[in-house]
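Protein chains: 2
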Amino acid sequence: MLHALIMAGGGGTRFWPRSRQSKPKQFLKLAGDRSLLQQAMERIGAMVTPARTWIITGASYAVETARQLPNLPNERIIGEPCGRDTAACIGLGAALAARGDAEAVMLVMPADHVIEPAQEFRRAAHVAEQLVLENPNALVTFGIVPAFAATGYGYIERGVALAQRQGVSIYRVGSFREKPHVELAEQYAASGQHFWNSGIFVWRAATILGELRRNQPALADAVERIAAAWDTPRRDEVLTKEYAGLGRISIDYAVMEKAAEVLVVQAPFQWDDVGSWLALERRHPQDAHDNTVLANHLGIDTHHCVVVGDEQKLIATLGVSDLIIIQDGDAILVAHREEEGNIKKIVEQLKARRLEKHL
Amino acid sequence: MLHALIMAGGGGTRFWPRSRQSKPKQFLKLAGDRSLLQQAMERIGAMVTPARTWIITGASYAVETARQLPNLPNERIIGEPCGRDTAACIGLGAALAARGDAEAVMLVMPADHVIEPAQEFRRAAHVAEQLVLENPNALVTFGIVPAFAATGYGYIERGVALAQRQGVSIYRVGSFREKPHVELAEQYAASGQHFWNSGIFVWRAATILGELRRNQPALADAVERIAAAWDTPRRDEVLTKEYAGLGRISIDYAVMEKAAEVLVVQAPFQWDDVGSWLALERRHPQDAHDNTVLANHLGIDTHHCVVVGDEQKLIATLGVSDLIIIQDGDAILVAHREEEGNIKKIVEQLKARRLEKHL
Numbered sequence: 017m018l019h020a021l022i023m024a025g026g027g028g029t030r031f032w033p034r035s036r037q038s039k040p041k042q043f044l045k046l047a048g049d050r051s052l053l054q055q056a057m058e059r060i061g062a063m064v065t066p067a068r069t070w071i072i073t074g075a076s077y078a079v080e081t082a083r084q085l086p087n088l089p090n091e092r093i094i095g096e097p098c099g100r101d102t103a104a105c106i107g108l109g110a111a112l113a114a115r116g117d118a119e120a121v122m123l124v125m126p127a128d129h130v131i132e133p134a135q136e137f138r139r140a141a142h143v144a145e146q147l148v149l150e151n152p153n154a155l156v157t158f159g160i161v162p163a164f165a166a167t168g169y170g171y172i173e174r175g176v177a178l179a180q181r182q183g184v185s186i187y188r189v190g191s192f193r194e195k196p197h198v199e200l201a202e203q204y205a206a207s208g209q210h211f212w213n214s215g216i217f218v219w220r221a222a223t224i225l226g227e228l229r230r231n232q233p234a235l236a237d238a239v240e241r242i243a244a245a246w247d248t249p250r251r252d253e254v255l256t257k258e259y260a261g262l263g264r265i266s267i268d269y270a271v272m273e274k275a276a277e278v279l280v281v282q283a284p285f286q287w288d289d290v291g292s293w294l295a296l297e298r299r300h301p302q303d304a305h306d307n308t309v310l311a312n313h314l315g316i317d318t319h320h321c322v323v324v325g326d327e328q329k330l331i332a333t334l335g336v337s338d339l340i341i342i343q344d345g346d347a348i349l350v351a352h353r354e355e356e357g358n359i360k361k362i363v364e365q366l367k368a369r370r371l372e373k374h375l
Numbered sequence: 017m018l019h020a021l022i023m024a025g026g027g028g029t030r031f032w033p034r035s036r037q038s039k040p041k042q043f044l045k046l047a048g049d050r051s052l053l054q055q056a057m058e059r060i061g062a063m064v065t066p067a068r069t070w071i072i073t074g075a076s077y078a079v080e081t082a083r084q085l086p087n088l089p090n091e092r093i094i095g096e097p098c099g100r101d102t103a104a105c106i107g108l109g110a111a112l113a114a115r116g117d118a119e120a121v122m123l124v125m126p127a128d129h130v131i132e133p134a135q136e137f138r139r140a141a142h143v144a145e146q147l148v149l150e151n152p153n154a155l156v157t158f159g160i161v162p163a164f165a166a167t168g169y170g171y172i173e174r175g176v177a178l179a180q181r182q183g184v185s186i187y188r189v190g191s192f193r194e195k196p197h198v199e200l201a202e203q204y205a206a207s208g209q210h211f212w213n214s215g216i217f218v219w220r221a222a223t224i225l226g227e228l229r230r231n232q233p234a235l236a237d238a239v240e241r242i243a244a245a246w247d248t249p250r251r252d253e254v255l256t257k258e259y260a261g262l263g264r265i266s267i268d269y270a271v272m273e274k275a276a277e278v279l280v281v282q283a284p285f286q287w288d289d290v291g292s293w294l295a296l297e298r299r300h301p302q303d304a305h306d307n308t309v310l311a312n313h314l315g316i317d318t319h320h321c322v323v324v325g326d327e328q329k330l331i332a333t334l335g336v337s338d339l340i341i342i343q344d345g346d347a348i349l350v351a352h353r354e355e356e357g358n359i360k361k362i363v364e365q366l367k368a369r370r371l372e373k374h375l
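Protein chains in written order, with this note's numbering: chain C, 17 to 375; chain Y, 17 to 375.
Derived from the structure by calculation, the hints contain no laboratory data. It is possible that part of the hints are untrue.
Said to hold, decoys possible - For each label pair, taking beta carbons as the anchor points, the in silico distance ranges come out as:
| # | chain 1 | residue 1 | chain 2 | residue 2 | range |
| --- | --- | --- | --- | --- | --- |
| 1 | C | 198 | Y | 294 | 37 to 45 Å |
| 2 | Y | 194 | C | 198 | 56 to 64 Å |
| 3 | C | 301 | Y | 367 | 55 to 63 Å |
| 4 | C | 301 | Y | 364 | 22 to 30 Å |
We put the beta carbon where it would ideally sit given N, CA and C, even for glycine.
Make the full structure from the sequences, and use the hints.
Right, here's the structure in full:
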């Protein structure tokens, strides 16, 4: 049976002030009138029932997750007592899925990406599921054809072409490449041989657990102990204790870069990780002066800005260019667009100055 | 007896969004923890009792005036049914003051200037009062030694020096000069012969009424009719009817430029009409990066900005320079500092787009 694991653990800082500690990116409506988490759930709705869908999120986000996904059974929302990166999250999800279904196949994806159209995503996911059913040892990842020379993503160098199925190309993975510097990113983007690593995977739960056991035996033991205690009164106690002892490691470092049977499916869909405020320019149309406006905005002589605000507020701009202007609740950000990578510094400073109420 | 007329009619647009239609500049705390109107009232408190002080404001501002000046008797707050510039306002004030005191001397001043120290202002006002008592026909105006080549003010060219009293220099007025272009402003500022016209005056009520009768007989008739009806049930009706029929004309055009006996007292005080957001830079200290901050502000790589906001809000800035950033209630303004003169365009656009709720 196909299960889904939606990883919704992020507490990102790049969307401050809209994204606060209490409401990180996956809960925001950054593309359309549904949150990214809600869109992720809808995307797989036609493939996986809610009863076989797991959302792993931060413990403090469990309530918001439940509020946004009223059709999801409560027991399918798992709150991590602390963040331990993707290897722990995936290990836990796999151990829980395998408990009730030894043949479980898992579709793993982050909650905070934009993927369109959903139908194409499901087509590719079906192809990946078939690959895994035919080749039980396979770890299948989804590669995105680079749209530009991004330095913010990891890359997958493709190996030999294996097949085309339902119009979807399948390759063996040649190698995983870390986030490159600019010149290397340009080479990758131009090579025709590299994909962006989307962080979306399909595999058998038993297979990924085996790989974790081989590469991260302590982690594998821990998630097995959590799964064993899951239906007992000790569930929370064991989860908290075991999780605290885990190291922070991504599934790429922990497993993918070392595994033998890794395949990549070339995504037939559009993908955007909506990594920062400027990503809104890709998701929304611009006005005649190149502004991207998601606000009640009055602009005079205003060019190439991103303006976001609450509906009942007015943001007026006069004689300004290249700014990111964000109003959300009790906070306002005005940043030069070239500084978007430094918005996290604002969040750090707020912590340092004990202005947590604005986080 | 000395009376005071504080002109509080302004509905200026240059302080949007803090200054709204419902709360223009004189009601704002732009210098210190008291509004400009409250500061004006305090300034004259040691010279004139509330019972001889008149505030003439817009009818819609009468309530806010009363709220800000709880010690002022209600009947001393006069709401103009419509704005008719300073000649009408001063004529009305003079007619009302003369009703109860034929020898009334009036100190006339706008409500929305910063004047410091108040003691020096009172010293100059006392000198002016003495001049008027000795020379009943005199119209005394206050001239400000130019601090820079301002193009936004009218100028007074001084004539012959008359005297020094209590350290205050008194001149006959040579001529009034309209707001100059830049080159002329530079000549005036360098000449040593020109003052800024502060719009502050001292004269006998009977004298200014006589001058109005000679130069603006219809206006003089109208304010006399209003004064005659003041203690009757027809007060409001007559005020509304007569005011509507008045022309818009300033006291400078109507009287000062034509009168024979016009003197100018050189102000021994600091004066600032706080004409726009950038004026705050003169009224408040700057931080290490030349920012003027009246807000809960977190700035990283932020230079030469003016940042104003409500206390409970946070304004964060990152990598920006030369901006005016104002948050007030439901509105935010982000403007380049060189555009401060165009903030009125925002207000015009709000009217044109029927966004009156933000005015």
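**Report entry** Cβ distance range 55 to 63 Å for residue 301 of chain C and residue 367 of chain Y, holds or violated
**Finding:** 27 Å, violated
Report task. Given the range 56 to 64 Å, decide if the beta-carbon distance of residue 194 of chain Y to residue 198 of chain C lies inside it. Result -> 59 Å, holds
Report task. Could you check the hint for me, namely that residue 198 of chain C and residue 294 of chain Y are 37 to 45 Å apart, CB to CB? Result -> 40 Å, holds
Query - Pairwise beta carbon distance, residue 301 of chain C to residue 364 of chain Y, judged against the given window 22 to 30 Å - result: Taking Cβ atoms as reference, residue 301 of chain C and residue 364 of chain Y lie about 27 Å apart, which means the hint holds.
Hint 3 from the earlier list is the only one contradicted by this structure; the remaining hints agree with it.
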